[in-house]
Amino acid sequence: DQQVKQNSPSLSVQEGRISILNCDYTNSMFDYFLWYKKYPAEGPTFLISISSIKDKNEDGRFTVFLNKSAKHLSLHIVPSQPGDSAVYFCAAANAGNMLTFGGGTRLMVKP
Amino acid sequence: DAGITQSPRHKVTETGTPVTLRCHQTENHRYMYWYRQDPGHGLRLIHYSYGVKDTDKGEVSDGYSVSRSKTEDFLLTLESATSSQTSVYFCAISDGFQDEQYFGPGTRLTVT
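Chains D and X, in that order, give the protein sequences. Each residue of the first sequence is one higher than the one before, starting from 1 at the first, in the working numbering. Each residue of the second sequence is one higher than the one before, starting from 1 at the first, in the working numbering.
Rather than coming from a laboratory, the hints here were simulated on the basis of the structure. All figures in this text were calculated on a predicted structure; none of them were measured in a lab. What you were told as hints is all true, and nothing was included just to trick you.
Within a straight-line C-alpha distance of at most 25 Å, the following computed SDA-like cross-link-like pairs (lysine to any residue) qualify:
#1 D:37 with X:105
#2 D:71 with X:58
#3 D:110 with D:46
#4 X:57 with D:94
#5 X:11 with X:108
#6 X:11 with X:85
#7 D:54 with X:96
Listed next, the stretches of chain X that the computed footprint assigns to chain D, with coverage defined by at least 3 CB atoms under 8 Å from CB atoms of chain D:
#8 44-51
#9 92-104
For glycine and all other residues, C-beta sits at the position ideal for the given N, C-alpha and C.
Let the sequences and hints guide you as you build the complete structure.
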């Protein structure tokens, strides 16, 4: 049973527009959430994180929103750039446990 | 970039043969991890280490063993490779238990 799910395997967005990637989780004990970005033939790289005591965290063009009641988090990229084309993984953890990753969403930003 | 290397980067092997993948770090991080990445499953934890000679199982540990005799090296061994172990394997490191993890470039393993 997947505790972290990314229900959209792919997303296509026009350059300059907003990209919204979604992630749902089932374990209410998760208290720390992260997004990783992965280019082909490379390892994932950390993008942004959020603690459960917050509902928003911003870093430049990237913002992560957390809705604890809905057990949902989202990553907003504004404006989207062709270099953002990659696979994005969300991950969640709670104290004393390892990260649990979602299945990933492939983002394609069209010029 | 964190100093993590994986070797080999690509390997093709036959069913039933033992295979060892190596992860080497130059960051002196305490925690090291082995993941596999498969379509639709994201990254799944195989084993992890929290110090020299200290290891524990992850979500998908069956058929895999690990060893860590030095801080900088973490080995993943497939005792007898099977086709279901065809995957891309990533090593990761972190300083603390729930800190940001830094990933290596991956090893693509094909078991024929």
